[in-house]
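Peer 1: Sequence:
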Amino acid sequence: MSAMRKIAMTSDNHFDVNQLDANELLTQQAAYLLAQHYTDYLIAGDLFNDFTASVAYVEALAKRLAPQCRVFFIAGNHDMVRGADFATLQSGVNGHYVHQKMIDFPGTNYVLIGNNGWYDYQFAQVPDKTAADFAQWKRAYWIDGVIEQPLSDRQRMELVLSDTAAKLAQAAAQHKQVLYMTHFVPQDAYISHVPRQPHWEMANALMGSPRLGALLSRYHVAYALFGHTHFKYPPRQIAGTTYFCRPVGYGTKRHYEWKFGTDFISEWQACLQTLVLE
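With full-length UniProt numbering, the residue at position 48 of the sequence shown is 48, and numbering never jumps.
Please keep in mind that the hints were generated in silico from the structure rather than gathered at the bench.
Possibly wrong hints are sitting among the right ones.
Claimed, not checked - List time: in silico DSS-like cross-link candidates among lysine-lysine, alpha-carbon distance up to 27 Å:
hint: 1; residue 1: K253; residue 2: K6
hint: 2; residue 1: K232; residue 2: K253
hint: 3; residue 1: K129; residue 2: K101
hint: 4; residue 1: K6; residue 2: K176
hint: 5; residue 1: K138; residue 2: K6
hint: 6; residue 1: K101; residue 2: K176
hint: 7; residue 1: K63; residue 2: K6
hint: 8; residue 1: K253; residue 2: K138
hint: 9; residue 1: K101; residue 2: K6
What the hints assert, rightly or not - Restraint-style ranges between C-beta atoms, simulated for each label pair:
hint: 10; residue 1: D263; residue 2: V146; range: 26 to 36 Å
hint: 11; residue 1: P210; residue 2: Q149; range: 15 to 25 Å
hint: 12; residue 1: G107; residue 2: Q197; range: 43 to 53 Å
hint: 13; residue 1: R211; residue 2: Y141; range: 35 to 45 Å
hint: 14; residue 1: Q197; residue 2: R254; range: 30 to 40 Å
hint: 15; residue 1: Q28; residue 2: Q136; range: 17 to 27 Å
hint: 16; residue 1: A132; residue 2: H37; range: 49 to 59 Å
hint: 17; residue 1: G240; residue 2: N94; range: 25 to 35 Å
hint: 18; residue 1: P234; residue 2: Q28; range: 17 to 27 Å
Cβ coordinates follow ideal geometry from the N, Cα and C atoms, glycine included.
Hey, can you work out the whole structure from these sequences and the hints?
Peer 2: If you want it as structure tokens, here you go:
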């Protein structure tokens with residue numbers, strides 16, 4: 001007897017950057033998710049610039065939604081800026097944090113596989129730059145420069161790929177279909193390359209890795225959710241995988257990225273993507 005799961009997907013809510021009252025929005029988000037009969041709410045990173053705040057929000061939201069709707073999240077780069085070291089991010093944290101975990105969708109043949117993700121500079125179209133150049137640029141100009149890690153960016157991406165490959169192989173052995181959730185960009189189709197803009201390409205280096213997309217297609221992953229880029233896309237199929245990327249993004253005077261709504265909650269609703277699994 002198969003059941004149906006109605007899954008809501010979001011990313012990049014950036015409550016603190018958007019200077020919002022997270023408690024008030026949590027109440028509104030919970031009411032909407034319950035009214036729409038969702039069974040699972042997936043958050044692909046970047047809730048706060050502080051991991052402890054992100055964890056507290058998720059735990060409070062999960063309490064509101066239980067038992068009707070489960071909540072799962074991963075950490076984006078913004079969540080990593082404060083409140084967690086590398087060892088913490090690699091640990092279990094709580095039952096909602098799905099980095100390096102595989103979760104069943106009861107009553108379906110699907111599993112959720114989560115990984116925060118990272119990057120390896122391969123999206124940058126600047127052939128004359130070395131790994132040291134990218135690392136130096138990151139420390140000078142990018143928010144990730146303050147994120148402590150005991151290994152290089154490329155080594156960190158290798159961890160992402162090896163854990164993801166192991167989980168995908170496990171799912172395949174169990175004849176399970178996969179919904180994969182990560183924060184960083186897995187496909188070059190979502191990267192904007194601007195000719196003669198080396199600064200832009202340096203930022204592209206830190207967007208994700210095409211090797212992750214290649215891995216997802218090799219294992220015939222059905223669905224993949226990500227964020228990080230603040231461009232909003234309709235669902236798109238690439239090499240057999242349907243990709244979801246509709247981040248909420250920033251609604252500040254300096255960076256106004258809301259396209260569909262007049263305030264955070266209407267933009268969040270418009271960017272919320274629904275996937276029904278049977």
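Peer 1: A separate judgement is required for each hint: does it hold in the structure or not?
Peer 2: Evaluated hints:
Straight-line distance between C-alpha atoms of K253 and K6 comes to about 35 Å, which puts the hinted pair past the 27 Å bound. Distance restraint check for K232 and K253: the Cα-Cα separation of roughly 19 Å lies within the 27 Å cut-off, and the hinted pair is therefore satisfied. Straight-line distance between C-alpha atoms of K129 and K101 comes to about 35 Å, which puts the hinted pair past the 27 Å bound. For the proposed pair K6 and K176, the alpha carbon gap of about 18 Å is at most 27 Å, so the pair holds.
For the suggested pair K138 and K6, the alpha carbons sit about 39 Å apart, so the restraint of at most 27 Å is broken. Restraint check for K101 and K176: the C-alpha separation of about 15 Å stays at or below 27 Å, so the hint holds. A hinted pair counts as satisfied when its Cα atoms are at most 27 Å apart, and K63 with K6 qualifies at roughly 19 Å. Simply put, K253 and K138 have alpha-carbon atoms about 25 Å apart, close enough for the 27 Å limit, and the pair holds.
In summary, the hint linking K101 to K6 is supported, as the alpha carbons are separated by about 20 Å, within the 27 Å threshold. Checking the proposed 26 to 36 Å range against D263 and V146 shows it holds: the Cβ atoms sit about 30 Å from each other. For P210 and Q149, the hinted distance range of 15 to 25 Å is satisfied, since their beta carbons lie about 21 Å from each other. Checked against the hint of 43 to 53 Å, the C-beta distance between G107 and Q197 comes to roughly 49 Å, which is consistent with it.
Between R211 and Y141 the beta carbon distance is about 24 Å. The supplied range of 35 to 45 Å is therefore violated. Between Q197 and R254, the C-beta spacing of about 20 Å breaks the proposed range 30 to 40 Å. A hinted range of 17 to 27 Å for the beta carbons of Q28 and Q136 is inconsistent with their spacing of about 43 Å. A beta carbon spacing of about 52 Å between A132 and H37 agrees with the range 49 to 59 Å that was offered as a hint.
Here the CB-CB span from G240 to N94 is close to 33 Å, well matched to the stated 25 to 35 Å. As the Cβ distance of P234 to Q28 is approximately 25 Å, the hint placing it in 17 to 27 Å holds.
The structure fails to meet hints 1, 3, 5, 13, 14 and 15 from the earlier list, while all remaining hints are met.
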